[in-house]
Amino acid sequence: MENIGLENIALFSGLILSLVGLWGLLTQKNIIKMIVGFALLDTGIHLIMIAVGYVKNSTAPIIGEGVTKANAADVIADPIPQALVLTAIVIGLGITALMLAYAVKMHQKKKSLDINHYKDLKW
Amino acid sequence: MVGPIYIIAIALGLAFLLGFFKKLNANIAQTFMMAGVGAMSFISVQWLFGHLAGMVTETVTYTAGFKPPFSISLQMGAMEAGVTSMINIFGFLGGVYLWRKLKEMGLNAIIIYMVTLMGLNVIVLTRDLFNLFVFLEVSTIGIVGLILLERGVNTISSGFKYLVAGGVISSFMLIGTIMIYKYAGSLYINDIITSNIAATKGGMVALFLLLIAVILELKPFPANGWALDVYESANSGISAFLSAGFATAMLFVLYKLMPMFPIEWQAMVAVVGGITFIGANLLGIRQKNAQRLLGYSSAGQMGLLTAVIGLSSYLNEQFIFILVTILLGHYLAKAGLFWLAGIVKEKEINSWSLLRREPLLVVLFGVFILTLLGMPPFPSFFGKWELIMKLAAGGQTTWILAILIGSFLEAVYLFKWFGYVLKGENEGLPVLQIKPEKIISPVVFATVSVMAGYYAGSLLGETNFAFYIPLMFIAAIGLLEFLPAFVKNTFAIAGMGYLAYTTLPGLFETDLLRFIFMGIFILGGILTLFAGYYYKGKRQGFYPSALIMFAGLAGIIQAETLLQFFFSWELMTIGSYFLIIRGKRSMTHGFSYMLFSLAGAYAILAAFGMVDAQVGNMLSALGGVTSHATLIFALLAIGFMTKTATLGLHIWLPGAHAEAESDVSPMVSAILLKAGVFGLLLTFFGMGAESAGNSSILYVLGWLGAITALVGNLAASFQEDAKRLLAYSSIGQLGYILFAYAMATQLGWIGGFLYVINHFAFKAILFLTIGAVVLRVKTHNMYEMGGLIKRMPLAFIAALIGIIALSGVPPLSGFAGKWFFYNAVILKGWYFQGAVVFFAGVIAFLYSYRILQTVFLGQLKDEHRHVKEIPLTFLIPIYILVIGIMIFSMYTHWVLEPITQYLTAYFPSDPVHWDGAAATTSLGYWNGTWVMYIIGIMFVLILGWLLWLNAKATKVKQFNMVFSGERPFTPETTHMAHNMYAGYNKALGFITAPGITTFWNKVAEFVTDAAGFIRRIYTGNGQTYAFHIVAYIVIIYFMIF
Amino acid sequence: MVKNLYIILVLVGLGFMFYTFADGFESADKLNPVAERYAKQGPDEVGAANLVTAVVVTYRGLDTLGEVTILFLSAAIVAFFLKVTYGEEEKRQTRSVSEIMQTAARLLTPAVFLLGIYVFINGHLTPGGGFQGGAIIASGLVLMLLAKPNMKVSHTLIHVVESISGLAFVFIGVLGILYAGGFLDNSLMGMGTLGSLLSAGVIPLIYIFVGLKVGAELSNIVAHLQESQNEA
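Chains as they are written, first to last, in my numbering: chain A, 1 to 123; chain B, 1 to 1041; chain C, 1 to 232.
In isolation and in its complexed conformation, chain A is listed as follows (with noise of 0.2 Å):
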């Protein structure tokens, strides 16, 4: 490949990111630990999405320097994407204060972060 752009190195290293978030939140058996598997995961997803918005050669979509209102669907980036980015972060960040506040109430409980302690219900 002799032309690998922006783009593909974002969606590599997103597709990768959220792969290794996910053998975090997977193995990692303290609850802080898969927590930051998970922010990992969710992180990778939103490169993937930005690079799904990329269109070659293309600016920010912001009527301003370079574009005008004219030219904007030719040089510009596709906003979609990117508005959906930013959905998706608040619903990550909304998502993973949950779980911080999850790990601190079942600290509270049991005094561990060790997730195999918290198996009593099973079958």
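Bear in mind the hints are in silico, worked out from the structure with no lab data behind them. Incorrect hints may have been included.
Cross-link-like lysine to any residue pairs, in silico, SDA-like; alpha carbons within 20 Å at most [claimed, not checked]:
no., chain 1, residue 1, chain 2, residue 2
1, B, Lys-201, C, Lys-3
2, A, Lys-56, C, Lys-3
3, B, Lys-67, C, Ser-27
4, A, Lys-122, B, Asp-1009
5, A, Lys-56, C, Ala-28
6, C, Lys-3, B, Tyr-1032
7, A, Lys-69, C, Lys-40
8, A, Lys-56, C, Pro-33
9, B, Lys-538, B, Ile-526
10, B, Lys-538, B, Leu-775
11, C, Lys-3, B, Pro-222
12, A, Lys-122, B, Leu-775
13, B, Lys-957, B, Leu-775
14, A, Lys-110, B, Asn-1021
15, A, Lys-111, B, Asn-154
16, C, Lys-40, A, Tyr-54
17, C, Lys-40, A, Asn-71
18, A, Lys-122, B, Lys-201
19, C, Lys-3, A, Lys-110
Under 8 Å between C-beta atoms, here's a sample of chain A residues computed to sit facing chain C [claimed, not checked]:
no., residue
20, Ile-4
21, Glu-7
22, Asn-8
23, Ile-9
24, Ala-10
25, Leu-15
26, Leu-17
27, Leu-19
28, Ala-60
29, Leu-86
30, Ile-91
31, Gly-94
32, Ala-103
33, Val-104
34, Lys-105
All figures in this text were calculated on a predicted structure; none of them were measured in a lab. Yeah, the Cβ is synthetic: ideal placement off N, Cα and C, and Gly gets one too.
Please arrange chains B and C on chain A, whose structure you already have, making use of the hints.
Frame of chain A, contents of chains B and C only:
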């Protein structure tokens, strides 16, 4: 119409507004919330009614003033209106239910509840893929918040598991969504459907990720451990929310998105759903915790519905009907059961016997369990029926099998649970405290379930109003539960009388077969009900149950279509189950009765499906079946034989009949068993014995009948329990009947009819008599009785006559039966089987003699010295039957001649010739009237002679007797009663060894062991659950790509 | 460990699945029709120079409302969950905060707040907007909390700000149904000239409320997480 956007505006506006008043009185805040949810319900319900009335069409609301795909749009079609109505009404009632809890937890809880509900609404309404994702997250987060209404460590850790699992699932959903956008260039669902992005590999994978994420939200087996923990540990109101609200919305999402996916994936969706349906229900069998059990059941139901969506191409125009009715059944039942779980507060299902403290709760529980199982008259019954019919039409036999197996497994644990509720020990359990707000919602849902059942039935256009009249009558009786038993008894008898008046004359004109069975059902019903006057008090639950059974019995006679027949068949099964389980130690027997009956019913259902696919839904069209005729014939035979308790399928009968109440035993034995016979006859008449396959099945059935007769009679002889003896005797007698009909000759069938009528009469006499004796002496054991002839001469005479009729001794009709029987055997040439049956007839004398000898003859026990004659309320029906059997024996030709003529249509050769009371065959002749005269005269002569001799006799006291030259000094029992046939038992007992019971026990053990083994995948570790999810995705991916 | 092996196996499988996305991935040469319309008509229809903002606040306004709802829910749940029992007035023992930290915080916090406000007010013109601005404001609060661990945050103030801005958002949306093309329609107010502060219809208004709301909610979450540490 108020637009759907206001659902969002109201919910969020209120939520933000309430945030203002952090210190607001919780009561006021909650009233606001309920008003908001009420308004949301109003909006969706008005759309629903608009759609139903045809006043509105599918309406799309655009946001931001732009058309899609440029902005997000909400669609309010009929389905959306229905589903949001379900969600919002549930939300409202759930809010009522949670009133106290939400108030206690404060303003934030109230807000979270309302916003979560709003999120579910948008999931249903939105037509934008990313918007769907956003509001799915709103709902997920909201539920994670609602889980926290309980603060135990298990609840919190289950919430964390849910959060992790939900996070992983939504990550995949997000990747899928954004990749779909990349390939389709739009997030508008309609655009994606038309864009054919599955053409590229990447687009395909993107669609796959989205689909699998939606499926995972429906908790597919085995990647659903995270949800089960929440179901188990969350507040029951929230578990209900998850099961009835969230799952409903997610199912709709799957439905909504299905057109986006390649058509070939439908099979995958169906398989995933099918595996979940069977797997979750299998694991449910081992579950003891009520809420977790409901969780399994919830997953199972969602699996079934997923399968339905996957199978939509076979279901054609009925797809929506099936989907909606089954969904509605799940929704109503699951919400109701979770709500009940919150009232009971007992975790283990065997503590649910607590419900009995409040009969209303038992009724609600029953309604929900039956709704869940798809029993009539509830909506899911019609859904499941149509599902099977359509699958059969599409030739999907494997799917029919899978769905029936799953349903059966579900029935196993639900009826086990039901058994605990009805019969479990409830001593020592805490007091049941019912808060008023907690009972309203279940009551509403149960009512809706009944009404929806009626509506669903009428949509099919099958169940005409007439089918609901008996049910309404029963409901009316149910409402009169507070009245004393004798009043209700009178109503019940009057109802039966009315039924007789309206149906019997007409049937007499048109259809003799149905007339005979209807006569047995109604006449028997009235007579056995009459015995019920004996019972004092209210006798709660008896009358509705008995009448449901009789309504079902009458229904199977009157049914014209397959659906009507099956509807009534199931109704009868339910009613008889309730009756049987009323006995003192009947819990396990009622359970096994139900399992055999349901398995049989499913066999019938499968057969009906195949019939319907070929010749339509008329019962009379059975004969037109051409392909798979042998299979259908066999399935029907097996199905009906579960009710006739043919050997192999009989193990439920002895316990069920013996442990039942004194007047229930004759109902279920003399009357109910005939329903199976009627079914067999319908099959034989309808499908005939002509085709080669059928005749070989009939040959097998003949042997089966013969062996059943032998084993049943032999086992009856070895019983110590009088009612068990009669129960085994029923098995034997039904063996005769099966044998007679299996011969498929005119003589055989005449004999069969004779046996049917005869068995009805004498078994009713014997069970009523012995039942009444048991009521008096308070024991079932025959060796604890004896000499009762002195205290109960009338009972003895009745029993004697019953026994004479049973054993086929002249002059009673049993003899006539044997006469036809042997004629038929000889003409048919079934000598070996005939020999077995003949031998069985000899053995019948053993138990016939035993019951007379041990109960009525011999020494009177000390404690029975003052026992009274059996109650008059029993004597009256008994003697009516005695007189009836006398007349029938004398004028057998009154009945048999028309039957002969009736059968001529099927067997034109006509080997019987009737001349007055005399029947002539090529082998000889027989005249019932003359036999009666001659025997009668002989009897009078001998009796007179004996009386004359007796006048000179002296009574021998015990101390007058001398044994081997010794005289006893203390009173001794000289009455040989216990283990009476020890010698025979040594010689022949091996035949009655409970091999079949052991076999079925092994089957049950194997299934529960399998369930116990498989469920170990649910380790309880949240990380493992997350791994299950990822592995599930990857495995399915590699299976379909 | 065998289990880790399974996990590796599954993740490798997942990698294969993802590879289909990366394989031959190429950016588009031009915008898809939807985006193209946004680019062409957006400046006129919505009047926002920042097209992302136009998409976020107007075209996909419902998403944004959902997003706000999620934050609101998260904040409510965290508050509901970590409800602090102020029973025992036992102060948490913290290490004393360094002088540098304290001074810097005192100096920087107002500036950070101001920056946040600037970011959300100019959301329709420059990169940024309500969420970004709100996050900046909340980070100002984090800074304050780092400097003074035992500081009490006024929850009442937070709630009032949160509620008013939330209500206003919904209210503007409903006004859109009544007086313009639909829920959250931007054309409720005049478009103004493209690129000036008072342009883009109601977007600046919405973004101000979103900014305040997000700031309040994030502060709320942070404050609750912080206070709950006082509990055993």
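So, going through the hints one by one against the coordinates:
Taking the CA atoms of B:Lys-201 and C:Lys-3, the gap is near 31 Å; set against the 20 Å cutoff, the hint is violated. Straight-line distance between C-alpha atoms of A:Lys-56 and C:Lys-3 comes to about 43 Å, which puts the hinted pair past the 20 Å bound. Distance restraint check for B:Lys-67 and C:Ser-27: the Cα-Cα separation of roughly 27 Å exceeds the 20 Å cut-off, and the hinted pair is therefore not satisfied. At roughly 17 Å between alpha-carbon atoms, A:Lys-122 and B:Asp-1009 fall within 20 Å of each other, so this suggested pair holds.
Only pairs whose Cα atoms come within 20 Å are accepted, and A:Lys-56 paired with C:Ala-28 is accepted, the gap being roughly 6 Å. Only pairs whose Cα atoms come within 20 Å are accepted, and C:Lys-3 paired with B:Tyr-1032 is accepted, the gap being roughly 15 Å. Between the alpha carbons of A:Lys-69 and C:Lys-40 the distance comes to roughly 7 Å, so the proposed pair stays at or under 20 Å and holds. Between the alpha carbons of A:Lys-56 and C:Pro-33 the distance comes to roughly 16 Å, so the proposed pair stays at or under 20 Å and holds.
Taking the CA atoms of B:Lys-538 and B:Ile-526, the gap is about 19 Å. The hint holds against a cut of 20 Å. Straight-line distance between C-alpha atoms of B:Lys-538 and B:Leu-775 comes to about 18 Å, which keeps the hinted pair within the 20 Å bound. For the hint linking C:Lys-3 to B:Pro-222, the alpha-carbon distance of about 17 Å falls within 20 Å, and the restraint holds. The hinted pair formed by A:Lys-122 and B:Leu-775 fails the criterion: a straight-line CA distance of about 48 Å is larger than 20 Å.
The hinted pair formed by B:Lys-957 and B:Leu-775 fails the criterion: a straight-line CA distance of about 29 Å is larger than 20 Å. Between A:Lys-110 and B:Asn-1021 the alpha-carbon distance is near 15 Å, which keeps this suggested pair within the 20 Å criterion. For the suggested pair A:Lys-111 and B:Asn-154, the alpha carbons sit about 14 Å apart, so the restraint of at most 20 Å is met. Restraint check for C:Lys-40 and A:Tyr-54: the C-alpha separation of about 18 Å stays at or below 20 Å, so the hint holds.
With a C-alpha separation of about 8 Å, the suggested pair C:Lys-40 and A:Asn-71 falls inside the 20 Å cut-off, and the hint holds. At roughly 39 Å between alpha-carbon atoms, A:Lys-122 and B:Lys-201 are farther apart than 20 Å, so this suggested pair is violated. With a C-alpha separation of about 26 Å, the suggested pair C:Lys-3 and A:Lys-110 falls outside the 20 Å cut-off, and the hint is violated. A cut of 8 Å between beta carbons decides the hint on A:Ile-4: the least distance to chain C is about 10 Å, and the hint is violated.
Given hint, A:Glu-7 at the interface with chain C, holds; its Cβ is 5 Å from that chain's nearest Cβ, closer than 8 Å. A distance limit of 8 Å between C-beta atoms decides the matter here; for A:Asn-8 the minimum to chain C is near 6 Å, and the interface restraint holds. Against a cut-off of 8 Å between C-beta atoms, the interface hint on A:Ile-9 is violated, since the closest Cβ of chain C lies about 11 Å away. With a cut of 8 Å, the hint placing A:Ala-10 at the interface with chain C is violated, because the nearest CB-to-CB distance is about 10 Å.
For A:Leu-15, the interface hint holds, the least distance from its beta-carbon to any beta-carbon of chain C being 5 Å, beneath 8 Å. Look at A:Leu-17: its Cβ only gets to about 11 Å from chain C, farther than 8 Å, so that hint breaks. Interface hint status for A:Leu-19: upheld, as the beta-carbon distance to the closest one in chain C is roughly 6 Å, under 8 Å. For A:Ala-60, the suggested interface contact is upheld, since its CB lies about 7 Å from the closest CB of chain C, less than 8 Å.
Evaluation of the A:Leu-86 hint against chain C yields a held restraint, the C-beta minimum of about 6 Å falling below 8 Å. Interface restraint check for A:Ile-91: the shortest CB-CB distance to chain C comes to about 5 Å, inside 8 Å, so the restraint holds. Taking 8 Å as the C-beta contact cut-off toward chain C, the hint placing A:Gly-94 at the interface holds, the least distance being around 4 Å. Given the 8 Å rule on beta carbons, the hint for A:Ala-103 is violated: about 10 Å separates it from the nearest Cβ of chain C.
Look at A:Val-104: its Cβ gets to within about 6 Å of chain C, closer than 8 Å, so that hint holds up. Hint status for A:Lys-105: holds, given a least beta-carbon distance of 6 Å to chain C, under 8 Å.
Hints 1, 2, 3, 12, 13, 18, 19, 20, 23, 24, 26, 32 from the earlier list are contradicted by this structure; the remaining hints agree with it.
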